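Peer 1: This is what each chain is made of:
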Amino acid sequence: MTRLNSPEKLECARKDIVSRIDPTKPCISVCAGAGCLASGAAEVIAAFKTELDFHGLTTEVNTKGTGCPGFCERGPIVMIYPEGICYLKVKPEDVPEIVSHTIKEKKVVDRLLYEDPATGTRALRESDIPFYKNQQRNILSENIRLDSKSMDDYLAIGGYSALSKVLFQMTPEEVMGEIKKSNLRGRGGGGFPAWRKWEESRNAPDPIKYVIVNADEGDPGAFMDRALIEGNPHSILEGLIIGAYAVGAHEGFIYVRQEYPLAVENINLAIRQASERGFVGKDILGSGFDFTVKVHMGAGAFVCGESSALMTALEGRAGEPRPKYIHTAVKGVWDHPSVLNNVETWANVPQIINKGADWFTSFGTAGSTGTKIFSLVGKITNTGLVEVPMGVTLRDIITKVGGGIPGGKKFKAVQTGGPSGGCIPEAQLDLPVDFDELTKAGSMMGSGGMIVMDEDTCMVDIARYFIDFLKDESCGKCTPCREGIRQMLAVLTRITAGKGKEGDIELLEELAESMGAALCALGKSAPNPVLSTIRYFRDEYEAHIRDKKCPALSCKEMIAFHIDPAKCKACGSCFRQCPAEAIHGGKKLIHIIDQEKCTKCGTCLDVCPSRFGAVRKISGEPVPAPVPEDKRAIA
Amino acid sequence: MSEINLQIDGKEVVATEGMTILDAAKSVGISIPTLCHHEKLEPYGGCRICTVEVEVRGWPKLVAGCIYPVEKGLVVRTRTEKVDKIRKVLLEEMLAHAPDSEELKALAQEYGADRDRFEKHPSFCIHCGLCVRYCAEIKKKNAVGFVDRGSNREISFIPEIAAKECWDCKECFPLCPTSALQAAYVLAGALMTPPEEAHSGGCGCSCSCGSAPEKQAG
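Chains A and B, in that order, give the protein sequences.
Going left to right, the first sequence walks through residues 1 to 635 as this note's numbering numbers them.
Going left to right, the second sequence walks through residues 636 to 853 as this note's numbering numbers them.
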């Protein structure tokens with residue numbers, strides 16, 4: 001592969017690639033993102049290859065594994081081009097039908113299309129599906145168009161044109177100016193304006209500077225960066241090189257967590273391909289600008305997503321945060337100025353350069369410009385990745401894009417911002433998604449994790465879950481974080497076990513205040529899940545402590561299962577399936593749960609036929625005494 | 636070195652560039668409590684007992700006095716209600732580990748900390764890191780290090796290094812603000828384990844994958 005040593009050569013190469021693409025040639029794109037692979041995408045791709053081979057169509061039809069388009073709930077997703085037909089939940093056994101009907105006879109396989117649950121109408125294309133229709137997919141939309149391992153695919157859609165523009169038509173100051181005008185804010189958590197870090201670093205006198213991609217995504221339930229780096233690694237690399245040019249850095253790092261092996265593989269491949277064609281290395285595109293980049297695999301510590309801890313880890317030491325009274329943009333890796341931005345932030349850079357800051361600011365709000373990708377998970381109909389303009393309301397994301405809560409359950413709260421964020425209740429759902437608004441509500445944008453919870457979720461237990469997560473993930477260096485989390489967990493565990501005491505809420509608040517003295521942002525924000533649940537769901541805490549009642553009927557140690565003697569028909573389902581043998585039953589005898597033996601697994605409730613509905617969960621009240629032996633017979 | 640004027644607890648202070656709030660306060664006789672600070676060692680900022688309130692562009696902020704560099708016009712308050720409350724909780728949390736530490740007991744009296752507020756945790760160590768840092772920075776031996784993360788973090792001697800280096804040194808013992816016993820205890824455990832055995836039980840590095848000497852004694 002020859003190196004492209006001028007912008008003209010790049011455009012020639014691009015023309016050549018595009019000319020070889022026949023837009024009328026059928027192409028089967030199968031999502032090969034982590035979610036779809038887990039639900040069998042690799043087998044689907046293999047089945048297509050075998051089937052096309054069987055029909056002698058291998059040369060006439062292209063097949064590719066692409067990046068994640070986001071609708072993970074309905075994976076594996078298959079797109080048929082040029083028609084743009086979108087098939088969902090495709091299994092290898094569906095493949096022969098797709099090939100014979102859609103590819104050969106140009107007919108649609110109706111049953112694989114999206115069906116609107118309310119109206120029953122089917123959607124042919126991605127853009128007709130409500131999940132997609134209500135999004136603004138500036139970044140994510142590229143994923144399904146690309147074979148994530150093919151650099152030609154990226155070049156075909158205009159890849160590296162922003163880099164070429166920057167190197168030959170713009171000064172570093174102009175690049176900085178464009179990013180400043182776009183007001184691109186960091187997508188990884190705090191929302192710090194990207195240009196400020198860039199400018200601070202550029203102005204630092206030290207000639208050795210670094211640019212770094214933070215791909216150490218660790219929030220429970222978050223996978224935005226994963227989808228981007230796995231699906232479109234070149235866009236992140238291009239953004240990084242542009243940033244390096246603006247800042248004056250000649251070396252970069254991509255810090256990827258090792259739990260993302262496909263991301264590691266794809267970004268390494270992208271760097272290799274980019275080096276071969278002259279986008280990385282000495283004298284990029286003949287501009288005289290040099291830039292090299294290394295991939296560093298994280299060792300699995302959540303805290304390494306924090307900038308100073310990540311930099312300490314890059315240096316080869318234990319990933320612990322260090323005080324940032326002097327910004328890392330001035331004194332970072334090996335004390336050199338280091339610009340660290342998150343994957344999604346870098347992915348926005350080429351688009352801002354190509355389409356302009358004005359285009360970028362046409363999306364979003366005045367303070368939070370552009371779009372933001374969220375991973376929508378939990379009790380939500382459409383689990384997946386969604387990209388929306390900043391400023392849309394949480395309600396729109398959850399109902400219009402997410403399709404609401406499944407199973408007819410009631411919405412309770414949405415947790416944003418991961419372990420550093422907070423829970424937002426129903427009353428705040430009309431809040432616009434915006435860095436500053438979410439912070440005001442006691443949560444934060446964070447990297448974009450969004451966990452939806454329904455009425456069955458206990459908010460005290462959710463707070464306990466996040467603090468338990470942080471107990472292992474805090475680095476343990478400073479007292480307020482390490483010990484504060486330890487004590488908070490003890491209090492929350494006590495409350496969820498029905499042993500809460502008066503004064504526990506105040507103790508949690510006091511501990512939270514002391515954690516304001518923590519060394520890094522992770523420690524300072526660690527109490528957020530607790531404080532936000534106290535703020536919005538104080539009544540649940542009080543019910544646990546005072547009435548020994550879990551209102552969501554979720555905390556195991558505070559609930560009991562009971563069979564209503566008036567409703568039990570002695571069908572024996574629960575009796576047979578109870579794994580603890582805790583149910584006394586018999587032919588035509590009212591069944592009784594032995595509370596001593598019961599492990600509260602809930603099997604009896606699940607298996608009791610709905611027409612009887614005899615089993616119920618109770619909390620905060622004594623279990624009714626069992627029916628006396630002589631009254632158990634059912635007539 | 637340029638002079639920097641700042642205010643600490645209402646007193647005008649003239650400091651030089653590169654000084655920390657702790658240094659500047661000391662120069663005018665204002666004492667800020669410390670536990671993990673040591674003149675010979677790199678500033679660490681781990682115990683946070685030196686937390687003070689500063690005003691940055693009109694906003695109050697909590698910072699660690701032992702590492703925060705002095706700035707022109709900085710306003711520092713070392714004993715606000717908030718600072719005292721935080722120090723009290725931090726002391727109570729540390730007293731759960733080392734209830735008999737003289738240093739902690741003295742500070743507890745000053746800040747009204749209740750030594751029995753939290754359930755006792757049998758570890759002595761308050762993670763000041765003095766032993767770890769002294770061994771690494773001054774002795775350059777790295778015979779003692781931190782293992783694990785979060786609430787499970789603890790100090791541990793590395794048997795292979797400790798067996799060679801520690802018997803004739805033990806300079807870290809008196810540095811410990813809680814109880815030198817802990818260090819001795821861990822060390823003894825490490826040395827009692829024959830090297831081969833230590834090796835078969837774990838990888839020999841400072842990760843906690845096995846052969847943890849304290850388990851034998853416990």
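Treat the hints with caution; some may be incorrect.
[To be verified] Pairs of lysine-lysine residues, derived as DSSO-like cross-links and limited to a Cα-Cα distance of at most 27 Å, are as follows:
hint	chain 1	residue 1	chain 2	residue 2
1	A	K471	B	K675
2	B	K720	A	K440
3	A	K400	A	K133
4	A	K331	B	K696
5	B	K775	A	K331
6	A	K440	B	K696
7	A	K617	A	K587
8	A	K165	A	K104
9	A	K324	B	K707
10	A	K567	A	K501
11	A	K499	B	K707
12	B	K720	B	K775
13	A	K524	B	K755
14	B	K755	A	K501
15	B	K720	A	K471
16	B	K720	A	K331
17	A	K324	B	K775
18	A	K165	A	K355
19	A	K524	B	K696
20	A	K471	B	K799
21	A	K499	A	K587
22	A	K324	B	K755
23	A	K180	A	K324
24	A	K548	A	K409
25	A	K556	A	K587
26	B	K776	A	K524
27	A	K324	B	K799
28	A	K106	A	K165
29	B	K775	B	K799
30	B	K723	A	K324
31	A	K548	A	K600
[Said to hold, decoys possible] Where chain B lies over chain A, by a calculated footprint (3+ residues, C-beta under 8 Å):
hint	region
32	53–65
33	260–269
34	430–441
35	465–475
[To be verified] If you anchor each label on the Cβ, the simulated ranges turn out as follows:
hint	chain 1	residue 1	chain 2	residue 2	range
36	A	E557	B	N787	34 to 40 Å
37	B	T715	A	N134	34 to 40 Å
38	A	K15	B	D783	52 to 58 Å
39	B	N640	A	A366	36 to 42 Å
40	B	Q642	A	P193	28 to 34 Å
To be clear, the hints were calculated from the coordinates, so they are not data collected in a lab.
A quick note: this is a predicted structure, and the numbers were derived from the prediction, not measured.
Virtual Cβ for every residue (Gly too), placed ideally from N, Cα, C.
Peer 1: For each hint, tell me whether it holds in the structure or not.
Peer 2: For each hint, the structure was consulted:
Restraint check for A/K471 and B/K675: not satisfied, since their Cα atoms lie roughly 32 Å apart, outside the 27 Å limit. For the hint pairing B/K720 with A/K440, the CA-to-CA distance comes to about 25 Å; that is within 27 Å, so the pair holds. The suggested pairing of A/K400 with A/K133 holds, with an alpha-carbon distance near 9 Å, which does not exceed 27 Å. Taking the CA atoms of A/K331 and B/K696, the gap is about 21 Å. The hint holds against a cut of 27 Å.
For the given pair, B/K775 sits about 25 Å from A/K331 by alpha-carbon distance, which is consistent with the 27 Å threshold. Taken as a hint, the A/K440 and B/K696 pair is honoured in the structure, with Cα atoms around 18 Å apart against an allowance of 27 Å. The suggested pairing of A/K617 with A/K587 holds, with an alpha-carbon distance near 24 Å, which does not exceed 27 Å. Restraint check for A/K165 and A/K104: not satisfied, since their Cα atoms lie roughly 43 Å apart, outside the 27 Å limit.
Our distance criterion of 27 Å between C-alpha atoms is met by A/K324 and B/K707, whose separation comes to about 18 Å. Distance check on the hinted pair: A/K567 and A/K501 sit about 37 Å apart at the alpha-carbon level, beyond 27 Å; violated. With a CA separation close to 51 Å, the supplied pair A/K499 and B/K707 exceeds the 27 Å bound. Among the hinted pairs, B/K720 with B/K775 is inconsistent with the structure: their alpha-carbon atoms are about 38 Å apart, more than 27 Å.
This hinted pair checks out: A/K524 and B/K755 have alpha carbons roughly 25 Å apart, not beyond 27 Å. With a C-alpha separation of about 19 Å, the suggested pair B/K755 and A/K501 falls inside the 27 Å cut-off, and the hint holds. Simply put, B/K720 and A/K471 have alpha-carbon atoms about 23 Å apart, close enough for the 27 Å limit, and the pair holds. Under the criterion of a C-alpha separation no larger than 27 Å, the hint pairing B/K720 with A/K331 is inconsistent with the structure, at around 33 Å.
For the hint linking A/K324 to B/K775, the alpha-carbon distance of about 26 Å falls within 27 Å, and the restraint holds. Taking the CA atoms of A/K165 and A/K355, the gap is about 11 Å. The hint holds against a cut of 27 Å. A distance of roughly 12 Å separates the Cα atoms of A/K524 and B/K696; the hinted pair therefore holds under the 27 Å criterion. Distance hint between A/K471 and B/K799 is unfulfilled; the C-alpha atoms sit about 35 Å from each other, more than 27 Å.
Between A/K499 and A/K587 the CA atoms are separated by roughly 40 Å; this puts the pair beyond 27 Å, and the hint is violated. A distance of roughly 33 Å separates the Cα atoms of A/K324 and B/K755; the hinted pair therefore is violated under the 27 Å criterion. Proposed proximity of A/K180 and A/K324 is supported: the alpha carbons are some 23 Å apart, at most 27 Å. Note on A/K548 and A/K409: the hinted pairing holds, with a Cα-Cα distance of about 24 Å set against a maximum of 27 Å.
For a cut-off of 27 Å, the pair hint linking A/K556 to A/K587 is broken: about 30 Å separates their Cα positions. Among the hinted pairs, B/K776 with A/K524 is inconsistent with the structure: their alpha-carbon atoms are about 33 Å apart, more than 27 Å. For the hint pairing A/K324 with B/K799, the CA-to-CA distance comes to about 37 Å; that exceeds 27 Å, so the pair is violated. For the given pair, A/K106 sits about 41 Å from A/K165 by alpha-carbon distance, which is inconsistent with the 27 Å threshold.
Pair hint B/K775 plus B/K799 holds up; C-alpha atoms about 14 Å apart against a cutoff of 27 Å. Of the supplied pair hints, the one linking B/K723 and A/K324 holds, its CA atoms being roughly 25 Å apart against a limit of 27 Å. Taking the CA atoms of A/K548 and A/K600, the gap is near 17 Å; set against the 27 Å cutoff, the hint holds. For the region 53–65 of chain A, the proposed coverage by chain B is not satisfied: 0 residues have a C-beta within less than 8 Å of a C-beta in that chain, short of the threshold of three.
Note: the region 260–269 of chain A has 0 residues with beta-carbon separation from chain B under 8 Å; the three-residue rule is not met and the coverage is violated. Figure legend: the region 430–441 of chain A, annotated as covered by chain B; annotation inconsistent (0 residues with Cβ-Cβ distances under 8 Å, at least 3 required). Chain B is given as covering the region 465–475 of chain A, and this holds because 6 residues of the stretch bring a CB closer than 8 Å to a CB of that chain, at least three being needed. Range check, A/E557 to B/N787: about 24 Å between beta-carbon atoms, so the 34 to 40 Å window is missed.
Between B/T715 and A/N134, the C-beta spacing of about 49 Å breaks the proposed range 34 to 40 Å. The beta-carbon spacing between A/K15 and B/D783, approximately 57 Å, falls within the hinted interval of 52 to 58 Å. At roughly 38 Å, the beta-carbon separation of B/N640 and A/A366 lies within the given 36 to 42 Å, and the hint holds. For the hinted restraint 28 to 34 Å between B/Q642 and A/P193, the CB-CB distance of approximately 31 Å keeps it satisfied.
The structure shown violates the earlier hints numbered 1, 8, 10, 11, 12, 16, 20, 21, 22, 25, 26, 27, 28, 32, 33, 34, 36, 37.
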